[in-house]
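Trainee: One letter stands for each residue in the lines below.
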Amino acid sequence: MKRLVFLAVAILAPATTLAQPRDNLLTADRAEAVAAGSWIYNDLPRGFAEAARTGKPMLVVFR
Amino acid sequence: MDCQSFDEQVVRRDPKVQKLLDQFVCVRIVQANGMDLTLFQFDYDLTFAAFMLNADRTIYGRYASRTGRRQASQATGIESFGKALEAALEIHKGYPANKPSLLGKQPLPVSRKVPEDYPSLAAKFGRPGERPVVGDRNCIHCHQISQAQKREHEGAKRDMPLALKLPYPMPEVFGLGLDPKQKARVSRVRDDTTAARDGFKVGDDILTLEGQPILSIADIQWVTHNAIAPTKLKADVLRAGKRITLPLTLAADWRKPPK
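Heads up: the sequence lines are chains A and B, in that order. Quick note: the first sequence uses numbering that gives the first Met the number 0, first residue 0, plus one each step. Quick note: the second sequence uses numbering that gives the first Met the number 0, first residue 0, plus one each step.
Incorrect hints may appear among the rest.
Computed cross-link-like contacts, PhoX-like style, restricted to lysine-lysine with a CA-CA straight-line distance of at most 20 Å [claimed, not checked]:
#: 1; chain 1: B; residue 1: LYS112; chain 2: B; residue 2: LYS123
#: 2; chain 1: A; residue 1: LYS55; chain 2: B; residue 2: LYS98
#: 3; chain 1: B; residue 1: LYS258; chain 2: B; residue 2: LYS164
#: 4; chain 1: B; residue 1: LYS149; chain 2: B; residue 2: LYS164
#: 5; chain 1: B; residue 1: LYS200; chain 2: B; residue 2: LYS180
#: 6; chain 1: A; residue 1: LYS55; chain 2: B; residue 2: LYS92
#: 7; chain 1: B; residue 1: LYS241; chain 2: B; residue 2: LYS200
#: 8; chain 1: A; residue 1: LYS55; chain 2: B; residue 2: LYS18
#: 9; chain 1: B; residue 1: LYS149; chain 2: B; residue 2: LYS255
Bear in mind the hints are in silico, worked out from the structure with no lab data behind them.
Chain B with its partners taken away, still in its complex shape:
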C-alpha cells in the first residue's frame, strides 16, 4: 500500500482503527508553516508522520518511516498503525506514573523553533503569520524543512553531519527486517550483520529500546537516529513468551546502506 492510500484509510477512519481513533483527539496538519520544531522532530522527508502524545506535550510514540512511495508498505499499514494506537492508549492509562520511561522519547533541543527560522524559508515565506497561507505558494511543505537544514550547512561550508545526510535509517541497515503489520516484530535477520551477531531472531518482538517503550518501527528509528555511534543499545525482547535482553550494536558508520 502506498502512503496516499494509507493516509486515506486514516483520514476516513477505516473500520479497523475507528474505535481506536475515537479515543484520541485527532489533529491533521497539512502545512508546516509555524510548525513547532521544538516538539515535532521527525524525518521531514516523510510523506506521512504521526505523533501520539499527551495534552501536556509528552510524546508517547511516533508512527511512520522513511520510505519512498514504492517501499511504503515495508513500514506502514493500517494493522501496525492500529497496534501503535493501542499501545499509546495503554501508555496514556499509565500516565503520569510511567513518565520516566518516556523521557528518551521527548524532543531534543534545537536551534530553530519554527521552519521560518531557517533563512532560506524566511526569505520565501516570511515570519509565521506574516503572510496568509493561501494555496500552495505560501504553504511550507515538510520536505522543505530538511532542504533548509541542508542548505544551511552548505551555505556555511560546514561538513554535513551524517545524521542529516542519512536521517532515520530503516533497521534494515543493521540487518533487521521488521513485520509491517506488527509494532516491532523481527521478520528477517540478514546474515553477517550486527543484528545477527547481536543475537536477534525472526519472531522476536522488540518491547523497549534503551528503556523506551517501542510502539512502531518509527520509534526504533527515533532511538537509533539519536544515538551517538559507535554504541551498544539495550533491547528488551519478547521471544517465545520470555523476556530477554539483547544488545543492538551501532557501528560508527551504521547509517550507510549495506553494499
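If we strip away everything but chain A, and leave its shape as in the complex, we get:
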C-alpha cells in the first residue's frame, strides 16, 4: 500500500508542479489587473457594454 501511495505521489507531483506556475500566474495577473483598476478581466460582453455606454473605444489585450 505504501508503495502504491509513493508511486501515485511520484506520478502526480510533477503534473501539479507543472500546472502551478500558469495557475499562479493567472491568479497574480488577475489580482494585479483588478488592483490596477480600470481593467475588465476576462469579460468581453461587459467591455462592449461599457464602451457603448461611455462612447469610449475599446482596447482588448490577449495575454
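Position chain B relative to chain A; hints supplied.
Mentor: Chain B in isolation, oriented as in the chain A frame:
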C-alpha cells in the same frame, strides 16, 4: 524588453501610456475559451496581442507581432504602443465618417467561430460553457488555436497553406526593418530586396497600406498576411514632410525567410 515585461507595463498602466489608457475601455483576456474567432483574428502564437476597436466591433488597429521572447523588442515597446493608442483615438474621433478606410482592417470570414469548433479542442475542452474554466487544465491558450488549425490540415492530409505554415511574417522578410519605438518608421532597408527595389528609404513613415491606416507593425503584417501573392500593394509614405506613394511588392514566395 521581453513580452512579459512589456505586458506588465501595460497592465500596471505605465505612466507613459496611463492617460491614453484612461480614454479606452480596457479589457484583458487570459484564456481563449469561447474566443470570438470571427472578430479576433491574429497570429495565435503570439504572447501578447492587442486590438483597438469600436463598441460596434469595427476594428481600428492591432498591436503586437510574431516574435519570440528574445526578439520581442524588435516589434513591441511602450513608446510604439502609446503611438498606436494615440492613432486609434484619432480614428475614434473621426468615426464613423472614416469607416470606409477601415474596411480592409475588418476580420475575414472563417469556418470556425470559436476555438472549441476545432475537433481537437472540442475533444479536450468541450463546447463553450460546458465545463467551468478553472485552472490551467480547462483553459485554452491562444497557441492551441494555431495547433488545432494545423492539426486539421494534417488530419485531412491536405497541403498546409503557406499562410498557416508561415503566418504574419515580419516586414524583415521583404527587406524592411521598422523602428520598434514608432508606429511604422523604416529603420533599415536591406540591399537587394523587394523593399529596396520598391524605393523605401530609412526614415520613411508608412501612413497607409492598401488604403488602411497603419497604427503599428502588426497592422502592416495584417495587410501583407492577407494579401494574395504575387501582388503589388500601395503604400502611402511620409518622406521628409512630403507624402509619396510607393509600391510594396510581394513575390509568390515572399513569406519565406531570406537566406
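Trainee: Each hint should be assessed against the structure and marked as holding or not.
Mentor: Hints, verified against the model:
With a C-alpha separation of about 17 Å, the suggested pairing of LYS112 of chain B with LYS123 of chain B holds against the 20 Å cut-off. The straight-line distance between the Cα atoms of LYS55 of chain A and LYS98 of chain B is roughly 16 Å, inside the 20 Å bound, and the hint therefore holds. With a C-alpha separation of about 17 Å, the suggested pair LYS258 of chain B and LYS164 of chain B falls inside the 20 Å cut-off, and the hint holds. Taking the CA atoms of LYS149 of chain B and LYS164 of chain B, the gap is about 8 Å. The hint holds against a cut of 20 Å.
As the CA atoms of LYS200 of chain B and LYS180 of chain B are separated by approximately 17 Å, the hinted pair is consistent with the 20 Å bound. A C-alpha spacing of about 10 Å is found between LYS55 of chain A and LYS92 of chain B, which places the hinted pair at or below 20 Å, so the restraint holds. Restraint check for LYS241 of chain B and LYS200 of chain B: the C-alpha separation of about 13 Å stays at or below 20 Å, so the hint holds. Distance check on the hinted pair: LYS55 of chain A and LYS18 of chain B sit about 13 Å apart at the alpha-carbon level, within 20 Å; holds.
At roughly 18 Å between alpha-carbon atoms, LYS149 of chain B and LYS255 of chain B fall within 20 Å of each other, so this suggested pair holds.
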